[in-house]
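Asks: The hints should help you fit chain B onto chain A, whose structure is shown.
There are 2 protein chains.
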Amino acid sequence: MRNIRLLLAYDGTEYVGWQVQPNGSSVQSTVERAIRELTGAPAKLVAAGRTDSGVHAFGQVANFTTECSISCEKMRPGLQSFLPPDVVVRNVDEVADDFHATYSATKKRYRYVIYNNRAPNPFVRKYAWHCHAELDATAMHEAAQVLLGTHDFRCFESQYPNKATSVRTVMEATVQRHSLWPEWSRSQSPTQPLGSEGPFLFFDVVADGFLYNMVRAIVGTLVNVGRRKWTADDVRRIIENQDRSQSGPTAPPHGLYLVHVDY
Amino acid sequence: MRNIRLLLAYDGTEYVGWQVQPNGSSVQSTVERAIRELTGAPAKLVAAGRTDSGVHAFGQVANFTTECSISCEKMRPGLQSFLPPDVVVRNVDEVADDFHATYSATKKRYRYVIYNNRAPNPFVRKYAWHCHAELDATAMHEAAQVLLGTHDFRCFESQYPNKATSVRTVMEATVQRHSLWPEWSRSQSPTQPLGSEGPFLFFDVVADGFLYNMVRAIVGTLVNVGRRKWTADDVRRIIENQDRSQSGPTAPPHGLYLVHVDY
Numbered sequence: 519m520r521n522i523r524l525l526l527a528y529d530g531t532e533y534v535g536w537q538v539q540p541n542g543s544s545v546q547s548t549v550e551r552a553i554r555e556l557t558g559a560p561a562k563l564v565a566a567g568r569t570d571s572g573v574h575a576f577g578q579v580a581n582f583t584t585e586c587s588i589s590c591e592k593m594r595p596g597l598q599s600f601l602p603p604d605v606v607v608r609n610v611d612e613v614a615d616d617f618h619a620t621y622s623a624t625k626k627r628y629r630y631v632i633y634n635n636r637a638p639n640p641f642v643r644k645y646a647w648h649c650h651a652e653l654d655a656t657a658m659h660e661a662a663q664v665l666l667g668t669h670d671f672r673c674f675e676s677q678y679p680n681k682a683t684s685v686r687t688v689m690e691a692t693v694q695r696h697s698l699w700p701e702w703s704r705s706q707s708p709t710q711p712l713g714s715e716g717p718f719l720f721f722d723v724v725a726d727g728f729l730y731n732m733v734r735a736i737v738g739t740l741v742n743v744g745r746r747k748w749t750a751d752d753v754r755r756i757i758e759n760q761d762r763s764q765s766g767p768t769a770p771p772h773g774l775y776l777v778h779v780d781y
Numbered sequence: 519m520r521n522i523r524l525l526l527a528y529d530g531t532e533y534v535g536w537q538v539q540p541n542g543s544s545v546q547s548t549v550e551r552a553i554r555e556l557t558g559a560p561a562k563l564v565a566a567g568r569t570d571s572g573v574h575a576f577g578q579v580a581n582f583t584t585e586c587s588i589s590c591e592k593m594r595p596g597l598q599s600f601l602p603p604d605v606v607v608r609n610v611d612e613v614a615d616d617f618h619a620t621y622s623a624t625k626k627r628y629r630y631v632i633y634n635n636r637a638p639n640p641f642v643r644k645y646a647w648h649c650h651a652e653l654d655a656t657a658m659h660e661a662a663q664v665l666l667g668t669h670d671f672r673c674f675e676s677q678y679p680n681k682a683t684s685v686r687t688v689m690e691a692t693v694q695r696h697s698l699w700p701e702w703s704r705s706q707s708p709t710q711p712l713g714s715e716g717p718f719l720f721f722d723v724v725a726d727g728f729l730y731n732m733v734r735a736i737v738g739t740l741v742n743v744g745r746r747k748w749t750a751d752d753v754r755r756i757i758e759n760q761d762r763s764q765s766g767p768t769a770p771p772h773g774l775y776l777v778h779v780d781y
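Going down the list, the sequences are from chains A and B. Counting with this note's numbering, you get residues 519 to 781 for the letters of the first sequence. Counting with this note's numbering, you get residues 519 to 781 for the letters of the second sequence.
Here chain A stands alone, though its shape is the one from the complex (with noise of 0.2 Å):
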């Protein structure tokens, strides 16, 4: 048996998430339908990160066991084959046999996705949260500090209690602004900083772990920081209180994007 690691990116806008579900198509069955269609066997994913609805991924990690023979180098076309443009496997390798997507990752890596202007972009309209009012980026990576280190965030949890404990770590909080397409506009100049202009926001957070809807209440958190309703002393005393009540709203799904997962 040999144990298999794919690399996956997929656009979540026209799947249910990650996991089957009843009403609609997930990206686990998409991809196993296409493991199947390939080795002729039937193969059960396991994956890093259950993304919800809408969320997307750049750098899903999910594994399989098989009894083919395909080369990992050969996989990865094959498998493209059977798979919908919208969900790319961007590598494949073989891994050792008690390797498991989702208990051997050590820390992952998320980013959410704010596009910070008048007028909507109808090129992101499915991959930024649309913010029309001007956000400040800084107060907002202010607050970001306040989420380092290890806390008990169920302040941020959506049907708390779902897992066995809701104290997490986290290694990596920030807020910077980008220019996506650079030189889009005149007023962009091309030698601009990255993080100091632009009106995209990237909420970057890396964790050991993540509770259920927890990146999306930080955002909706966060971005009442960035409108000046909230200081960062209000996000440290949300944390303190342990009431999802008191932090900001779940921020929509299609900013989000799983990133990368550590091993």
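Heads up, some of the hints might be wrong.
Identical copies carry no separate label here, and so any pair may be met within one copy or between two of them.
Unchecked claim - The list that follows gives simulated cross-link-like pairs (lysine to aspartate or glutamate, EDC-like), each with its CA atoms no further than 16 Å apart:
id, residue 1, residue 2
1, LYS592, ASP780
2, LYS562, ASP604
3, LYS644, ASP722
4, LYS592, ASP616
5, LYS644, ASP604
6, LYS747, GLU660
7, LYS747, GLU652
8, LYS747, ASP615
9, LYS644, GLU532
10, LYS644, ASP670
11, LYS644, ASP570
12, LYS625, ASP780
13, LYS747, ASP654
Read the hints as simulated data drawn from the structure, not as lab findings.
Replies: Frame of chain A, contents of chain B only:
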């Protein structure tokens, strides 16, 4: 009578192009319908460039005359409320009676985006041409310099002759690499200078006017340079020979954007 100018961005994926066609929905008819809904009167739009089916615009300019008294400030969100999310009104202003979006244009800027990577990218599958063979962006940039100046460009014109003259003046032509979502991948450093690395190739071109399919034929030609089939000297010879059959294939529409129009 007021003469109203619109700055438009649109995702061309679902449209037959700017102009009204018998076989599907056009951007022109979509915006004209919104004007009729908002003002209560029919309007006829003229545009800077009649983008083809599947071609996008970030900075299309169009104008129409109207008796309505709605302020420009209110007209932008007003029109947007009658438009689908893939057509966006970026700005509305009032211009002199003799302004004509087509004839008053002095130069136009187009961008063609190529995604140059082994595996495709699900987020740009409708917004960039995926070329999996490695392209030499430096050689393409050098060859693009041959376009500069005033030439007869009929070698890049589909259905020649369809305009009074095929002589045009190109003021700018560059090919640069970019990483579109900075830091997606661990291998891309956020401090890398723009234009040197990344899987996206941007071909940016400014001219006083463009022939039918001209940018896409230039891109098909430059890709042959990027694949080291042709050199800058071959491109010079192709222009001199004035024969469409000698230049490269027409690149697909979904990588092309009308970026900016000068008046």
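Asks: All hints are to be evaluated individually against the structure, with a verdict given for each.
Replies: Structure-based check of each hint:
1. LYS592 to ASP780: neither (25 Å within a copy, 49 Å between copies)
2. LYS562 to ASP604: neither (21 Å within a copy, 38 Å between copies)
3. LYS644 to ASP722: Neither. Shortest intra-copy (19 Å) and inter-copy (25 Å) distances fail the 16 Å Cα cut-off.
4. LYS592 to ASP616: For LYS592 and ASP616, the Cα distance exceeds 16 Å both inside one copy (24 Å) and across copies (62 Å).
5. LYS644 to ASP604: Answer is both; intra-copy 13 Å and inter-copy 10 Å each pass.
6. LYS747 to GLU660: within (14 Å within a copy, 52 Å between copies)
7. LYS747 to GLU652: within (12 Å within a copy, 49 Å between copies)
8. LYS747 to ASP615: neither (51 Å within a copy, 46 Å between copies)
9. LYS644 to GLU532: both (10 Å within a copy, 15 Å between copies)
10. LYS644 to ASP670: Answer is neither; intra-copy 32 Å and inter-copy 41 Å both fail.
11. LYS644 to ASP570: within (15 Å within a copy, 23 Å between copies)
12. LYS625 to ASP780: For LYS625 and ASP780, only the intra-copy Cα distance (5 Å) is at most 16 Å; the inter-copy one is 49 Å.
13. LYS747 to ASP654: within (11 Å within a copy, 50 Å between copies)
Comparing the model with each numbered hint stated earlier shows that hints 1, 2, 3, 4, 8 and 10 do not hold.
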